[in-house]
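Asks: Chains as they are written, first to last, in the numbering used here: chain B, 1 to 305; chain F, 1001 to 1305.
Among these hints, one or two may not hold up.
[Said to hold, decoys possible] Simulated crosslink set (BS3-like; lysine-lysine; CA at most 27 Å straight-line): (1) B:Lys84 / B:Lys183; (2) B:Lys130 / B:Lys114; (3) F:Lys1224 / F:Lys1062; (4) F:Lys1168 / F:Lys1224; (5) F:Lys1292 / B:Lys84; (6) B:Lys114 / F:Lys1277; (7) B:Lys183 / F:Lys1292; (8) F:Lys1292 / F:Lys1277; (9) B:Lys114 / F:Lys1292; (10) F:Lys1292 / F:Lys1168; (11) F:Lys1178 / F:Lys1168.
Read the hints as simulated data drawn from the structure, not as lab findings.
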Amino acid sequence: MIDLIFLLLIYICIYSLLSMGLNMITGYTGLLSLCQAAFFGIGAYATAILTVYAGWGFWTALIMSCLITSAFGFLIGLPVLRLKGDYLAIATLGFGEIVRNVILNWDSFTRGSKGINGIPFPVIFGIEIKSSNLYLFFAFVFIFVVIFYFILNRIVHSRFGRALEAIREDEIAASSMGINVTKYKLISFCIGAFLGGVAGSLWAVFFTSIAPDTFNLMLSIQILCMIVLGGLGNNLAAIVGAFIVVTAAELPKLLGFSSIIPPELNQILFGLILVLAMLYRTQGIMGKKRFIAEGNPNKERAVER
Amino acid sequence: MSLTDFFQHLINGFSTGCIYALIALGYTMVYGILKFINFAHGEILMMGTYGGFYVYYFLISKNSSPSYMLFSFFIAMVVGAFISAFLGVFIERIAYRPLRRAPRLSPLLTAIGVSIILMNVASLLFGTQPRRFNYPFDNNPFSILGVNITPHQMLIFFVSLCLMFFLKMFVDKTRSGKAMRATSENMDAASLMGINVDFIISLTFAIGSALAAIAGILTALEYKLYPTMGTMAGIKAFIAAVIGGIGNIGGAMLGGILLGVLETLGPVILGIPQGLKDTIAFLLLIVVLLFKPSGILGKKEKTKV
Chain B
1 MIDLIFLLLI YICIYSLLSM GLNMITGYTG LLSLCQAAFF GIGAYATAIL
51 TVYAGWGFWT ALIMSCLITS AFGFLIGLPV LRLKGDYLAI ATLGFGEIVR
101 NVILNWDSFT RGSKGINGIP FPVIFGIEIK SSNLYLFFAF VFIFVVIFYF
151 ILNRIVHSRF GRALEAIRED EIAASSMGIN VTKYKLISFC IGAFLGGVAG
201 SLWAVFFTSI APDTFNLMLS IQILCMIVLG GLGNNLAAIV GAFIVVTAAE
251 LPKLLGFSSI IPPELNQILF GLILVLAMLY RTQGIMGKKR FIAEGNPNKE
301 RAVER
Chain F
1001 MSLTDFFQHL INGFSTGCIY ALIALGYTMV YGILKFINFA HGEILMMGTY
1051 GGFYVYYFLI SKNSSPSYML FSFFIAMVVG AFISAFLGVF IERIAYRPLR
1101 RAPRLSPLLT AIGVSIILMN VASLLFGTQP RRFNYPFDNN PFSILGVNIT
1151 PHQMLIFFVS LCLMFFLKMF VDKTRSGKAM RATSENMDAA SLMGINVDFI
1201 ISLTFAIGSA LAAIAGILTA LEYKLYPTMG TMAGIKAFIA AVIGGIGNIG
1251 GAMLGGILLG VLETLGPVIL GIPQGLKDTI AFLLLIVVLL FKPSGILGKK
1301 EKTKV
């Protein structure tokens, strides 16, 4: 039971990193992205390949995989960020599926659907952090969450963060105030990707084996649900959202009901929570009353006339 | 690749493309009016297909003479279309209508929630093992100049081209079709002109969902029938809608057929594994979005301050 709770907490920590990353992109900058799972996957695969095949240590591999993931964020962001709203969402969705497909089919490099096994555990000060020792591993990932929570909070309360929020509220107004919209969007996208890379690295060393099926569109959607349920544009809310979604998914297992309640029922419940939350509390649990990522098309039209 | 092979792939691609086009019509019509991506469209397709499946097996359990089987298949298609249409209208009524004036992200996430619910309800009700329609006719291919065409493909061509023709006639020539075009042009002005906007939106959902169910039943003859069948079909059809120009009915037809043909010919011409078929589809999507975001037949949207 206690073990299960700690396992859950480790999940929550890793997902929190992902949701905070997406919150930077969607919550603060207002760009609807559906490829957080792809960044997660790139980070995990980069760590796996660097540690297993190239024989690097965990720390260098971690830094390298985060940089690789950011580079991918930059490369995809450069062309795609010219798009707006729904079109951006679809383009990022496409990118996410391309990444998964390439990982699945590039047998010689990623070993295809078999995945990569035998990823070594991280070592700090001569102590090997094994995933069988859940308390130690929890402490390890929790430190990452705390560090990145503070870093991100510093970022969003700086001049840079306010520029991002200005872009979210009104892109044209922001650019006429002298904000270089493209540059800021790209940086925000790279930060989001960077956090995806961190989470992927931790995921790879926790499970010691990875397979491409983990990093599918459904995961991207779940991450989006986390930040929307928590409340967009708030880092603490992103963590709360991760907590809710992960707990809701694993609760029957935690309470020992998993034999009675089929997993489908659990998923149905998740879907219902999402629909009801959108119908009755659009701004999320901790969100402020007014949040409009993309203005309402019907209202905009009314204003035009 | 010989010329015969080329035509063979062209025929196969064209039949896949017709299916994509039928599904894409539902996306494009809804997007044209409500400016939102109905992510649950694929799951509505799946539900209608299951409905048709049970009707078909109920009917042929009594009598299985060849002509009666073909007749039952058409009855199953009609019933499946009605089931999907009702489901589509019902979902619009309870989940999307209250959010018509909400920020754009809300209906999108509600649709995702609905699709999760439907998928899992289906796997609870019908089980997760794939099922299959038996061919209601003898599916031995005809050979025309060395190119094989199966009766199944001919059925797909016949049914989908007929339906597209009727839909085009309906939208262009009838009073309701005119009302539909007016609603997609400007919802408020349409309602001021005495058009019942709610009814038109329900009608749009009904037609789109019915077409999707027919497409689902047609594909279930060759491929199998399972609770997640709608997801990938839905995404592909959505890509088709975007390629053709979303919101444009002719564009959805063109985009669907184009996507089907390129996706089938692409791996053969480039000499890459068939598994990368989906990657071609997504790359095509990103390329189209980058160079002509409004799609091949779409009009350019102007942004006003």
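Asks: Could you run down the list of hints and mark each one as holding or not?
Replies: Outcome of the hint check:
| no. | hint | result |
| --- | --- | --- |
| 1 | B:Lys84 / B:Lys183 | 15 Å, holds |
| 2 | B:Lys130 / B:Lys114 | 23 Å, holds |
| 3 | F:Lys1224 / F:Lys1062 | 23 Å, holds |
| 4 | F:Lys1168 / F:Lys1224 | 30 Å, violated |
| 5 | F:Lys1292 / B:Lys84 | 13 Å, holds |
| 6 | B:Lys114 / F:Lys1277 | 20 Å, holds |
| 7 | B:Lys183 / F:Lys1292 | 22 Å, holds |
| 8 | F:Lys1292 / F:Lys1277 | 22 Å, holds |
| 9 | B:Lys114 / F:Lys1292 | 38 Å, violated |
| 10 | F:Lys1292 / F:Lys1168 | 24 Å, holds |
| 11 | F:Lys1178 / F:Lys1168 | 11 Å, holds |
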